[in-house]
Amino acid sequence: MAKVVLKNLTKKFGKVVAVKNLSLEAKDRSFLVLLGPSGCGKTTILRCIAGLETPDEGEIYIGDKLVNDLPPKERDIAMVFQSYALYPHMTAFENIAFPLKMRRVPKDEIKRRVKEVAELLKISHLLDRKPKQLSGGEAQRVALGRAIVREPKVFLMDEPLSNLDAKLRVYMRAELKRLQQHLKITTIYVTHDQIEAMTMADEVAVLSQGVLQQLATPDELYNHPKNLFVAGFIGSPPMNFITASLKAKKEKLFLVAENFELELTEDLANILKGKEGLEVVIGIRPEDLKFVNKSEGKIHGKVFMQEPLGSEVIIDIKVNDELIKVKESPDFRLEIGKDVWLSFDYNKLHLFDKKTGEAII
Amino acid sequence: MKSKMKIKVSRKIIMAIIATTIAAVITGVLLFPVYWIITSSIKPYASLYTTRFELIPRQITFDAYNWVFFKSNFFLRLRNSLTVSILTTIFTLILVVPAAYAFSRFKFFGKDKLLYGYLAFTQFAGGLGITGLIALYAILAYLNLLNSLVVLAIIYAAGGVPFNTWLLKTYFDTIPKDFDEAALVDGASYLDVMWRILLPISKPGIATVAVFSFMGGWTEFIVAQTILNPENYTLPVELYRLMGQYETPWNQFAAMALLFAVPVVVMYMVAQKYLQAGLAMGGVKG
Numbered sequence: 001m002a003k004v005v006l007k008n009l010t011k012k013f014g015k016v017v018a019v020k021n022l023s024l025e026a027k028d029r030s031f032l033v034l035l036g037p038s039g040c041g042k043t044t045i046l047r048c049i050a051g052l053e054t055p056d057e058g059e060i061y062i063g064d065k066l067v068n069d070l071p072p073k074e075r076d077i078a079m080v081f082q083s084y085a086l087y088p089h090m091t092a093f094e095n096i097a098f099p100l101k102m103r104r105v106p107k108d109e110i111k112r113r114v115k116e117v118a119e120l121l122k123i124s125h126l127l128d129r130k131p132k133q134l135s136g137g138e139a140q141r142v143a144l145g146r147a148i149v150r151e152p153k154v155f156l157m158d159e160p161l162s163n164l165d166a167k168l169r170v171y172m173r174a175e176l177k178r179l180q181q182h183l184k185i186t187t188i189y190v191t192h193d194q195i196e197a198m199t200m201a202d203e204v205a206v207l208s209q210g211v212l213q214q215l216a217t218p219d220e221l222y223n224h225p226k227n228l229f230v231a232g233f234i235g236s237p238p239m240n241f242i243t244a245s246l247k248a249k250k251e252k253l254f255l256v257a258e259n260f261e262l263e264l265t266e267d268l269a270n271i272l273k274g275k276e277g278l279e280v281v282i283g284i285r286p287e288d289l290k291f292v293n294k295s296e297g298k299i300h301g302k303v304f305m306q307e308p309l310g311s312e313v314i315i316d317i318k319v320n321d322e323l324i325k326v327k328e329s330p331d332f333r334l335e336i337g338k339d340v341w342l343s344f345d346y347n348k349l350h351l352f353d354k355k356t357g358e359a360i361i
Numbered sequence: 001m002k003s004k005m006k007i008k009v010s011r012k013i014i015m016a017i018i019a020t021t022i023a024a025v026i027t028g029v030l031l032f033p034v035y036w037i038i039t040s041s042i043k044p045y046a047s048l049y050t051t052r053f054e055l056i057p058r059q060i061t062f063d064a065y066n067w068v069f070f071k072s073n074f075f076l077r078l079r080n081s082l083t084v085s086i087l088t089t090i091f092t093l094i095l096v097v098p099a100a101y102a103f104s105r106f107k108f109f110g111k112d113k114l115l116y117g118y119l120a121f122t123q124f125a126g127g128l129g130i131t132g133l134i135a136l137y138a139i140l141a142y143l144n145l146l147n148s149l150v151v152l153a154i155i156y157a158a159g160g161v162p163f164n165t166w167l168l169k170t171y172f173d174t175i176p177k178d179f180d181e182a183a184l185v186d187g188a189s190y191l192d193v194m195w196r197i198l199l200p201i202s203k204p205g206i207a208t209v210a211v212f213s214f215m216g217g218w219t220e221f222i223v224a225q226t227i228l229n230p231e232n233y234t235l236p237v238e239l240y241r242l243m244g245q246y247e248t249p250w251n252q253f254a255a256m257a258l259l260f261a262v263p264v265v266v267m268y269m270v271a272q273k274y275l276q277a278g279l280a281m282g283g284v285k286g
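Chains as they are written, first to last, in my numbering: chain A, 1 to 361; chain B, 1 to 286.
Please note that a few of the clues may not be correct.
[Unchecked claim] So the derived label-pair ranges between C-beta atoms look like this:
#, chain 1, residue 1, chain 2, residue 2, range
1, A, K7, B, T170, 38 to 44 Å
2, B, V266, A, G14, 33 to 39 Å
3, B, L191, A, G14, 29 to 35 Å
4, A, Q133, B, I60, 17 to 23 Å
5, A, Q133, B, T170, 40 to 46 Å
6, A, K107, B, I134, 56 to 62 Å
7, B, V266, A, K184, 56 to 62 Å
8, B, V266, A, V16, 25 to 31 Å
[As the list claims (entries may be wrong)] Taking lysine to aspartate or glutamate and the DMTMM-like style, the derived pairs with C-alpha atoms no more than 25 Å apart in a straight line are:
#, chain 1, residue 1, chain 2, residue 2
9, B, K107, A, D69
10, B, K111, A, E53
11, B, K169, A, E53
12, A, K15, B, D112
13, A, K101, B, E247
14, A, K101, A, E74
If you are wondering where the hints come from, they were derived from the structure by calculation, not from laboratory data.
Source: prediction; values computed, not measured.
Beta carbons are placed, not taken as given, at the ideal position from N, Cα and C, and that holds for glycine.
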C-alpha cells in the first residue's frame with residue numbers, strides 16, 4: 001500500500017495543455033476521486049500515473065519511488081478501464097488469471113487466488129464464461145477481479161460505473177467503497193458524476209481545463225467551495241448564483257442586486273470592510289432558501305416551474321432574468337406565476353469575487 | 001383502394017420476375033465458362049474438335065482425369081505449388097504481422113511516409129512489368145539463387161507485403177487500444193500484447209492475409225516460369241506447358257485446371273466466415 005504524489009505535472013497534446021502544473025497527493029489507503037467535466041484532464045492524469053502517457057513536466061511518486069521512467073508493469077498498479085477491456089477470447093477465469101500468468105506465478109497459486117477473488121466478488125459461477133456472455137455488472141466485477149488479484153499498491157479506476165444502468169450504479173457505488181475499505185488499497189477514481197464523488201471519496205480533487213480547482217473532503221467542497229467553478233459543479237441541483245455589488249450606505253454594507261438589496265450582518269460587514277464597490281456573485285444552495293412572508297422576505301420573484309422528484313420538489317423562481325432553484329418537501333406546491341418572497345440564513349451565504357471567481361466568504 | 005393495391009402487388013411480382021430473370025441470365029453467362037471446363041474435362045478428346053455444339057455431353061469419360069493422376073506430373077507439380085504457397089503464407093505472416101502491429105499501435109519517425117510509401121509500392125510491380133522481371137532474373141542469376149522454390153516464395157511474400165500490411169494494419173485499427181493498455185498494465189510486454197491479445201482477436205484479419213498470400217503463391221505464373229527449371233515447375237507453369245505448338249489436349253487441360261482450382265475453393269469455403277469479417281473490417285465495440 002502506498003501514497004501517490006504528483007508534483008507539478010504537466011501534459012500537452014500538441015498545443016492543447018491537458019494538465020497544467022498539477023500537484024496533489026492521494027494518501028495511503030485513501031479513496032481519492034478526480035472529478036470534473038469532460039476534457040478537464042482527469043483521465044490524462046490517471047493515464048500518467050499508470051504509465052500509459054508520459055508527462056511533459058513534473059514528477060510522479062508511488063510510495064517513495066519516482067516512477068516517471070518506469071513502464072506500467074513495473075509500477076505495481078492495477079487499472080479498471082471504462083470499457084473494462086476484458087480480453088474477448090479468454091474466459092472470465094483466464095482474464096482474472098492473466099496478470100498472474102504474466103508474472104510467472106505457479107498454476108496452483110493462480111487457481112487459488114482467482115477462486116479467492118471470485119468468491120469475494122461473488123462471480124465464482126461466471127468463471128467459465130466469455131466476456132460476451134456476461135452482463136454489464138458481471139463484466140465490471142470480472143474487471144475488478146483482474147485488478148484485485150494482483151494485490152497492487154494502487155488501484156486506478158477510469159469511470160468504471162459509467163456503462164451501468166442507474167440502479168446497478170447505485171448498488172456498485174456502495175460495493176466498490178466497501179471493497180476498497182476491506183482491501184485497504186490506495187485508490188484513485190476518475191468520474192464526471194459528482195454523486196459518485198461525494199458518496200465514495202475520502203477526498204475529491206475538482207479539476208477544470210487541466211487545473212486543480214480544489215482538493216478537499218466532500219463536506220468541505222460542499223460547504224466551503226473555493227471558487228465559482230467548484231460551487232457550481234458540486235451539488236444537485238447546483239448552487240444559485242446572483243450577481244451583485246458591495247455598496248456602503250450610512251456606515252452599513254449592502255449587497256445590491258438588480259431588484260433587491262441585502263443588508264449584511266455586522267460579522268459579514270467586518271469581513272468585507274474595504275471592499276466597497278466590488279462586483280460579486282452571491283451563492284446560495286437551493287436547500288438553504290425558504291419561502292416566507294413579504295415582510296420577512298429578502299428576495300422577490302415569481303414561480304416559474306415545479307419539478308417533483310418524489311422525495312423532494314424543486315421550484316424554479318424567476319428573479320428578473322435569473323432562475324433561482326429552491327428545494328422543498330415533496331408535498332409542497334405553489335401556483336405557477338405566483339409572487340413569492342425568499343429568505344435564507346446568512347451563515348449559508350457564499351460570496352465570490354465576480355472577476356476572479358474566488359470565494360470571499 | 002383494393003384495385004390500387006392489387007395493381008401495386010402485380011407490379012411488384014412482375015418486377016421481381018424480371019429482376020430474377022436478368023440475374024439468372026447474368027449468372028448463367030458468368031458461370032458458363034466453368035460449366036464448359038467441367039464438361040470438357042469429361043468429354044472424349046475427339047468430341048472437343050467437332051463442329052457440333054454439345055451443351056450436355058453425349059459421351060462421358062474420365063480418361064483425362066486418369067491421365068492427370070497416373071500419367072502426368074500433376075502430383076509433383078502439386079507438391080511444388082503447395083511448397084511455394086505455404087512458404088509464401090508463412091513468410092508473409094512473419095513479415096506482415098509485426099509490421100501491421102507497429103503501424104497500428106506505435107508512433108515513430110517517418111511512420112506516415114513509410115505507410116504511404118507502401119501504398120505506392122503496390123503500384124510498382126504491375127507498372128515495371130518486363131523491366132522488373134529482367135532485373136529480378138539478373139539479380140538471382142548473379143546470386144546463384146535461380147530454380148529455388150524457397151526463393152520464389154520469398155519473392156511472392158515480398159511482393160505481397162505492402163498490400164497485406166495495409167490490410168492487416170487497417171484490421172488492427174478496429175481493435176480498441178484498451179486491450180493493449182490493459183495487458184501492459186497487467187504485466188505484458190509489447191510482444192506478449194501482440195502474441196497473446198491482438199493475434200487471437202484478429203483471426204479474421206490473419207485469415208484474410210493468409211488466403212490472399214496463399215492464392216498469390218498458388219496462381220502466379222510469370223516469375224515461376226522465368227526462374228524455375230522443369231523439375232521445380234509449379235502447377236500454373238505445368239498447365240501452360242500442356243498448350244502445344246500445334247494442338248492442345250483440351251480435355252486434359254480442363255481436368256488439370258479444375259484440379260488446380262480445387263484447393264483454393266476448399267480454402268475459401270473453410271475460411272469463409274473469417275474472410276467476410278476480415279474484409280468487412282466492421283467496428284469493434286468495447
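(request) Below or equal to 25 Å on CA atoms is what counts here, so check K107(B) against D69(A). (result) 18 Å, holds
(request) Below or equal to 25 Å on CA atoms is what counts here, so check K111(B) against E53(A). (result) 20 Å, holds
(message) Against the range 38 to 44 Å, how does the distance between the Cβ atoms of K7(A) and T170(B) compare: consistent or not?
(response) 41 Å, holds
(message) Between the beta carbons of L191(B) and G14(A), is the distance compatible with 29 to 35 Å?
(response) At 30 Å between Cβs, range holds.
(request) For Q133(A) and T170(B), compare the CB-CB distance with the range 40 to 46 Å and indicate the outcome. (result) At roughly 29 Å between Cβ atoms, T170(B) and Q133(A) fall outside 40 to 46 Å, so the hint is violated.
(message) Against the 25 Å threshold, does the CA-CA distance of K169(B) and E53(A) hold or violate the hint?
(response) Within the cut-off at roughly 23 Å; holds.
(message) Check the hint pairing K101(A) with E74(A) against an upper bound of 25 Å on the C-alpha distance.
(response) Given that 25 Å is the threshold and the Cα spacing comes to 15 Å, the pair holds.
(message) Between the alpha carbons of K15(A) and D112(B), is the straight-line distance 25 Å or under?
(response) 21 Å, holds
(message) Just to be sure I understand the hint, the distance between the Cβ atoms of V266(B) and K184(A) should be within 56 to 62 Å; is that true here?
(response) With Cβ atoms ~60 Å apart, the hint holds.
(message) If I claimed the Cβ atoms of V266(B) and V16(A) lie 25 to 31 Å apart, would that claim hold in this structure?
(response) 53 Å, violated
(request) Indicate whether the distance between the beta carbons of K107(A) and I134(B) respects the range 56 to 62 Å. (result) 59 Å, holds
(request) With 33 to 39 Å as the target window, see if V266(B) and G14(A) comply at their CB atoms. (result) 51 Å, violated
Checked against the numbered hints given earlier, the structure breaks hints 2, 4, 5, 8, 13 and satisfies all the rest.
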